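Participant: Chain residues, written in single-letter form:
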Amino acid sequence: MSKRFDEQVVIITGAGSGLGEAAALQIAKEGAKLTLVDLNTEGLEKTKEKILKVAPEAEVLLVTANVANEKEVKNYVDKTVEIFGRIDGFFNNAGIEGKQNLTEDFGSEEFDRVISVNLNGVFYGMQYVLKVMRKQGSGSILNCASVGGIRGVGNQSGYSASKHGVIGLTRNSAIEYGQYGININAIAPGAIMTAMVEGSLKQMGGDNWEEVGKEFVKPNPMKRFGRPEEVGYLVAFLLSNEATFINATVVPIDGGQSYKY
Amino acid sequence: MAKLQDKVAIITGGVSGIGAETARLFVKEGAKVVLVDWNDQNAKSFVDELTGQGGEAIFVKADVASEEDVANVYKETIDTFGKVDILFNNAGIGAVKPTEKLTYAEYRKTVSVDLDGTFLVAQLAIKEMLKTGGGVIVNTASMYGWVGSPGSAAYNAAKGGVINLTRSLGLEYATRNIRVNALCPGYIDTPIIPEDYKQTLRDVTPMKRLGTSEEMAKAVLFLASDDSSFMTGNTLTVDGGFTAQ
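Here the protein sequences come in this chain order: A and B. For the first sequence, my numbering begins at 255 and goes up steadily by one. For the second sequence, my numbering begins at 12 and goes up steadily by one.
Mixed in with the good hints, there may be bad ones.
Claimed, not checked - Taking lysine-lysine pairs in the DSSO-like style, the calculated list, with each CA pair at most 27 Å apart, reads:
1) B:Lys-219 / A:Lys-477
2) B:Lys-138 / A:Lys-477
3) A:Lys-385 / B:Lys-219
To be verified - Some, not all, of what chain B presents toward chain A, calculated at C-beta under 7 Å:
4) Gly-144
5) Ala-164
6) Leu-182
7) Thr-186
8) Asn-188
9) Pro-217
10) Gly-252
Please keep in mind that the hints were generated in silico from the structure rather than gathered at the bench. These figures come from a predicted structure and were not determined experimentally. Backbone N, C-alpha and C define an ideal beta-carbon position, used for all residues, glycine too.
Start from the sequences and build out the full structure, keeping to the hints where you can.
Facilitator: Here you go:
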């Protein structure tokens with residue numbers, strides 16, 4: 255039976271853990287050749303091992319890169335074209351959570367650091383990938399925003415600003431590139447139990463973080479954390495040929511959280 | 012594996028357009044379908060088409076704005092298939108007419124089908140789904156539930172209502188395993204749009220083309236299947252970028 259990503263080439267950043275890893279597993283199962291990018295080489299190798307268990311035939315290229323460094327971004331795009339010849343899908347996902355504190359205490363260095371990864375990194379990726387996709391006349395880009403990019407959550411000035419920025423960038427570029435057969439969308443995950451969310455909970459609760467987690471999801475309409483693989487299904491759908499008329503859209507995946515308040 | 016194996020799906024407005032295309036895809040994915048429409052023209056041949064491919068399908072004639080008709084849809088569904096897992100709450104009407112020329116009766120007609128009908132059909136689905144432990148509802152709203160346009164006051168008001176109805180029902184049943192989401196289609200290539208007007212609509216859409224019923228059906232399938240298990244109270248806009256402009 256044909257699969258949605260047969261013969262397709264997909265780049266995933268932040269693929270060494272969390273949502274990037276979950277998306278990589280799902281898309282590999284569905285037949286794609288993958289370039290996986292992360293700052294953490296060990297994380298990338300672990301993701302590759304997991305992929306080869308569920309998709310032994312998968313072709314996987316690993317590139318260690320800091321997405322906040324434009325040259326390193328250009329390099330993962332160039333490498334992909336060199337090895338696989340094209341780019342059909344791009345999950346522009348790498349991100350960091352930053353400090354959890356009041357705006358007055360956040361600090362300009364921390365602000366720059368979060369913006370440079372979460373917003374500049376997303377822009378650099380789009381810039382180089384779009385050049386390739388425009389020549390091809392096709393492609394799908396999916397940026398990872400957040401519920402914190404739609405609503406005010408509090409105690410995360412850098413993260414919130416960067417994720418709101420990702421949504422603005424998504425809409426802007428989607429309007430430009432729709433005419434070239436390229437669709438660009440964003441997802442807005444809510445509370446998904448990933449290493450990054452675990453890190454935030456530990457900042458808030460220390461050793462008591464699991465209790466803090468329970469409190470944290472109480473206001474969520476579904477009263478649970480999402481699972482990374484649930485995000486994987488959404489990413490696969492939005493990057494597939496089933497979503498070709500979905501463009502400039504932001505899709506929350508949050509158990510209803512962003513509609514609640 | 013088929014995504015909707017042995018699920019029972021009610022599809023209102025199921026004999027034409029997005030509803031019919033979704034019925035074809037649902038049957039292909041293993042669902043048994045109940046097609047609901049106020050107009051029984053073409054209903055028999057469409058049921059034959061679906062059953063001819065090995066699917067199970069029945070047709071129930073109903074006006075979704077009539078409590079009696081909607082109750083009968085559920086009676087027929089339970090009598091035939093025993094349960095309801097999925098509702099694609101899709102029936103709708105609309106016409107472009109300047110507001111100063113619109114009669115109150117015309118306004119009421121549109122709102123009664125597009126908003127009241129959506130509520131009525133969803134309400135009975137929820138009652139059935141609570142009995143069996145859960146289900147999924149996908150409402151058809153519209154990109155005109157997000158943005159305004161001249162000459163469509165009743166339709167746009169109703170579709171805006173459908174979006175917030177979706178949010179409210181999604182949140183109300185989030186812990187009871189009933190997910191409620193909405194599809195917001197943009198300009199879709201259907202016979203309702205006059206040929207000579209299609210180019211105008213392509214020009215104003217960032218993708219410079221119209222969407223297809225097949226593309227809408229695939230989005231509905233995503234929302235109706237377990238692939239969207241952490242999504243509720245949500246809307247999926249499929250408009251080629253129109254409303255982001």
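Participant: Would you mind confirming whether the straight-line C-alpha gap from B:Lys-138 to A:Lys-477 stays at or under 27 Å?
Facilitator: Cα-Cα ~22 Å, so holds.
Participant: Return the status of the interface hint for B:Thr-186: holds when the least beta-carbon distance to chain A is below 7 Å, violated otherwise.
Facilitator: 6 Å, holds
Participant: Please verify whether B:Lys-219 and A:Lys-477 have alpha carbons no more than 27 Å apart.
Facilitator: 41 Å, violated
Participant: Against chain A, run the beta carbon of B:Ala-164 and see if the smallest gap drops under 7 Å.
Facilitator: 25 Å, violated
Participant: Next item in the hint list is B:Pro-217. Is there a CB on chain A closer than 7 Å to its CB?
Facilitator: For B:Pro-217, the interface hint holds, since the closest Cβ of chain A sits about 4 Å away, which is under 7 Å.
Participant: At a threshold of 7 Å, is the proposed contact between B:Gly-144 and chain A supported by beta-carbon distances?
Facilitator: 15 Å, violated
Participant: Interface hint check: B:Asn-188, Cβ to nearest Cβ on chain A, cutoff 7 Å. Holds or violated?
Facilitator: 9 Å, violated
Participant: Would the pair A:Lys-385 and B:Lys-219 pass a check requiring their Cα atoms to be no farther apart than 27 Å?
Facilitator: It holds: about 20 Å lies between the C-alpha atoms, which stays within 27 Å.
Participant: Does the closest beta carbon of chain A sit nearer than 7 Å to the beta carbon of B:Leu-182?
Facilitator: 5 Å, holds
Participant: With 7 Å as the cut and Cβ atoms as the points, is B:Gly-252 at the interface with chain A?
Facilitator: With a minimum Cβ separation of about 4 Å from chain A (threshold 7 Å), the hint on B:Gly-252 holds.
Consistency note: the structure conflicts with the earlier hints numbered 1, 4, 5, 8.
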